[in-house]
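Grab the two chains, each in its own frame, and use the hints to assemble them into the complex.
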Amino acid sequence: MEKTVITVVGKDTVGIIARVCTYLAENSINILDIAQTIVQGYFNMMMIVDTGKMTKGFGEMAEELHALGGEIGVDIKCQREEIFDKMHRI
Amino acid sequence: MINIFEVVETNEMITRENLDVRTITMGISLLDCIDSDLEILKKKIYTKIYDAARDLVKTGEEIAGEFGIPIVNKRISVTPIGLIGGAACKTIEDFASIAETLDEVAKAVGVNFIGGYSALISKGMTSADELLIRSIPLALSKTERVCSSVNLGSTRTGINMDGVKLMGEIVRQTAEYTKEQDSLGCAKLVVFCNAPDDNPFMAGAFHGVTEADKVINVGVSGPGVVKNAVSKVRGENFEVLCETIKKTAFKVTRVGQLVAQEASRRLGVPFGIVDLSLAPTPAIGDSVADILCEMGLEYAGAPGTTAALALLNDQVKKGGVMASSYVGGLSGAFIPVSEDQGMIDAVEAGALSLEKLEAMTCVCSVGLDMIAIPGETKASTISGIIADEMAIGMVNQKTTAVRIIPVIGKGVGETVEFGGLLGYAPIMPVNAFSCEEFVSRGGRIPAPIHSFKN
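Quick mapping for you: the protein sequence lines, in order, are chains L and C. One point on numbering: in our numbering, the residue at position 51 of the first sequence is 51, and numbering is uninterrupted. One point on numbering: in our numbering, the residue at position 78 of the second sequence is 78, and numbering is uninterrupted.
Okay, chain C solo, but in the shape it has when bound (with noise of 0.2 angstroms):
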């Protein structure tokens, strides 16, 4: 039977170390609601969702009730709106018109994020995709809780640039229709570079074309453990430290997979993965930074960072595989600046660059996240950025992503506040130096010779 020691350990984590679930994501697939009519197909999507979902928030804080571990998101996740809104959608107001029905049906049910406007173009778009595209900026500015990813490459296809050379512009173009909330916008928005089909992240969620009709997915949180954990261990070397992190990681992962078995049994939705993720939030000790420090850097960002990740990154990974029957999503550490104290304070520090972000993206598990750069960078320049980070994944066989916000109307040296969970960022200086013609060329890079296994 359990024992005293393992019931202070596990409350512990959870009233000290911010242990917690950190999202419930149901999957919906809004295939079946196809519809040339586009008031019709606004309808069964409303339907579709709310009948599905209904009981989702409720459920959520029963559970997390009864177990004592807070469940902070309950979010939804839909087909990728391109694929559905085709055939009835003409104009840029059409699509929007969508993302508004979405952001309806999300109060309604009262998640506080639905994922999902999104087109997958790693090799090409189709009409309804580069139209969802150029609707993006209008649709996050008419809604708030809707999240908007693009996939622009992967392994297998390559990378597609004219889809990178058009998220350039469509970020910025998204920075100004969301201007007057410091560009909020772009904090709603994440391109991809093999993007998971089952992802319960945001802003990157959206419900694949492989996946069941609904599904439950669950992402485990747990910095603030993993650090209290090094910390014990100060000194050692790194066997001890490595042993120690995938225990930890192992523990929280286990809460993870008994939170998503109990959902998927309650609300009569299949289970789907626990991302094993350690995802940070702006409260204090709830960071992946200070884990860095932790191990033994002056702050996030010094020599030896990408390393300190990269095992990070692994231990998670290897502990949390034995804890959960499913793994998938994006599954590792994030390493978003805006959402985490420790990255905060290492840019403010000087020791955090965008360079050397990058570099940490080859072994983390996504890439530039919630980074805010001067409003004035020119949309060639965010495409190079995005090309850069597609590339690292393309290669490297792994998801990357950039979510980055140029806030119109400042500069380097300023700070900008999204609120909440997003957090607050210090805006960080880019390259100056020009991409222009390199963006410009047009076409797809290909994908990479090792990609070529059959």
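Looking at chain L on its own, in the form it has when it is part of the complex (with noise of 0.2 angstroms):
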């Protein structure tokens, strides 16, 4: 398993999670877990997923997840999740 956080940080609109599950599921990559919350005002979203199975690059798949954001008017990163674990867990 590959794990990859995904942060969806902006304006909240109609349809944010939609476009980017959609995108999720066309690239064979599956949401482990999923979180929102509001900081400082602006929506703020988390997901985990496997990118096992991803036939994708890395670069390419962040690249495509970026330009998806642009379209939609929120920020979307992807990160490996070993920063935030080896950050938050001992």
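Calculated directly from the structure, the hints in this document are not laboratory data. Keep in mind that the hints are not guaranteed to be accurate.
Estimated spans, in silico, between C-beta atoms of each pair [what the hints assert, rightly or not]: (1) Q40/L / L311/C: 29 to 37 angstroms; (2) V39/L / R54/C: 38 to 46 angstroms; (3) V39/L / K58/C: 30 to 38 angstroms; (4) A212/C / K56/L: 31 to 39 angstroms; (5) A35/L / T47/C: 47 to 55 angstroms; (6) E243/C / G73/L: 37 to 45 angstroms; (7) D12/L / P70/C: 25 to 33 angstroms; (8) C21/L / A108/C: 40 to 48 angstroms.
Residues of chain L placed beyond 12 angstroms of chain C at every Cβ, according to the derived structure [as the list claims (entries may be wrong)]: (9) Y23; (10) G70; (11) M87.
Beta carbons: idealized from backbone N, C-alpha and C, even for Gly.
The following block contains the structure:
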């Protein structure tokens, strides 16, 4: 399993989750966890996904999701889970 | 599993508080390049560095992209050239031509600095070491990315005062050779006491002779993250303050450890150390001085500054040590002037003097760093400043350094602009009383009594 954390930050609007999930499904990326909150007035969503079965490279996925975020008007970022795991777990 | 608040905290550190990995530095041994023919030597050096480091920048960028953490610099350190060029170099021009080779290969692989145009003369110098040192002004004026360092003393050997005297002259000469660029050459030249073999930071990085053929060392940073954490415990006692810094340093260092391991794995080069450092940049919010102010000082330099810096340095180490499997380099808080907006503000407000900075170097990770002084400062005065700093390092069994820039043609009240990460600095006054006779005595200062531990 290759865990990636996808974060979506921006102004709340209709269909953010739908658009992101459609992209993930089309690319064989499985969602393991999903959570959202409002931080300083901004919509914050986090998804932990498994990119183990994805055929694209990490960089390509990150770029495409970033571009998708541009279309919706939010910032979408992909990071490997290890950076959070290392920082917050001993 | 990781929760959203942890994800948000990490990303806030990166996007708002300037958390980054300051440098991935690949150390490369050049010992197997030694040759008595200068042209063959230079060819071997170029080939060895190019082959070892050609994927360094690309790999650094891939890691930065995948983990979402900026990796600001990709750099190279090599075996001190004083050891490598001895058999081939007969003149200072010969040595300087090796610097040009280093500059060429640095540009070819895309790193922004290459360190190791260095000599280790803590007890005495060979004729090759002396030739290399005398070539430094020429080498730094002819190259862009080469950094130079000289180790002048250690707790075990004492201080090489002949070297201290010579380096005062070399610093001045380097300033003269690069006066068209506000004496920029001196920003790439540092002298040390107790220089570490595995430091990833410039200008002092070199690949020590005790190191493996190749190694990956990583320097972390994050003054903004620490400042933000400290701002949340205003008015609390020192126990709370120290615990807060320690926990924050742990988190920052874990990122460095992760990046170091990834870089090591992907490049197939052993992981050396993580340097646990708070390295400021001129960017707003990326300042060590601001942390000191957040602790309760009006400006860096106010009474209490040395104590505040001492606790900061210690907590950074305590938090960082557990976060990394191998710790080394300089590890601690850097206090450069031109690279830290809070320090610049303190100097401009009249709160921070050269003497107070010297006191601060007793408890920070390195020493007098990126300090602009009047261009008319005498070589012997610079040697005196170096000798003081070396003595602090020798007696306190710590690394100390001097990177000082006599800006030719400028005086107190003027400022100098180095650009980029090197920042800008107001020119600071220097005590003008003479130390000429003292530094001219020659010889060396013996090692202190507490160095005899056998």
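Structure-based check of all given hints:
Distance hint check: the CB atoms of Q40/L and L311/C are about 31 angstroms apart, consistent with the given range 29 to 37 angstroms. Between V39/L and R54/C, the C-beta spacing of about 42 angstroms keeps the proposed range 38 to 46 angstroms intact. A beta carbon spacing of about 34 angstroms between V39/L and K58/C agrees with the range 30 to 38 angstroms that was offered as a hint. With their beta carbons about 37 angstroms apart, A212/C and K56/L fall inside the hinted range of 31 to 39 angstroms.
In this structure the hint that A35/L and T47/C lie 47 to 55 angstroms apart at CB holds, the actual value being about 52 angstroms. Look at E243/C against G73/L: about 41 angstroms separates their beta carbons, and that is inside 37 to 45 angstroms. Between D12/L and P70/C the C-beta distance comes to about 28 angstroms, which sits within the given range of 25 to 33 angstroms. The given range of 40 to 48 angstroms is respected by C21/L and A108/C, whose C-beta atoms sit roughly 45 angstroms from each other.
At the 12 angstroms boundary, the C-beta of Y23/L stays outside the reach of chain C, the nearest C-beta of that chain being 18 angstroms off. Annotated as non-interface, G70/L keeps its C-beta farther than 12 angstroms from every C-beta of chain C; the closest such distance is 17 angstroms. The Cβ of M87/L sits about 5 angstroms from the closest Cβ of chain C, inside the 12 angstroms cut-off, so the non-interface label is violated.
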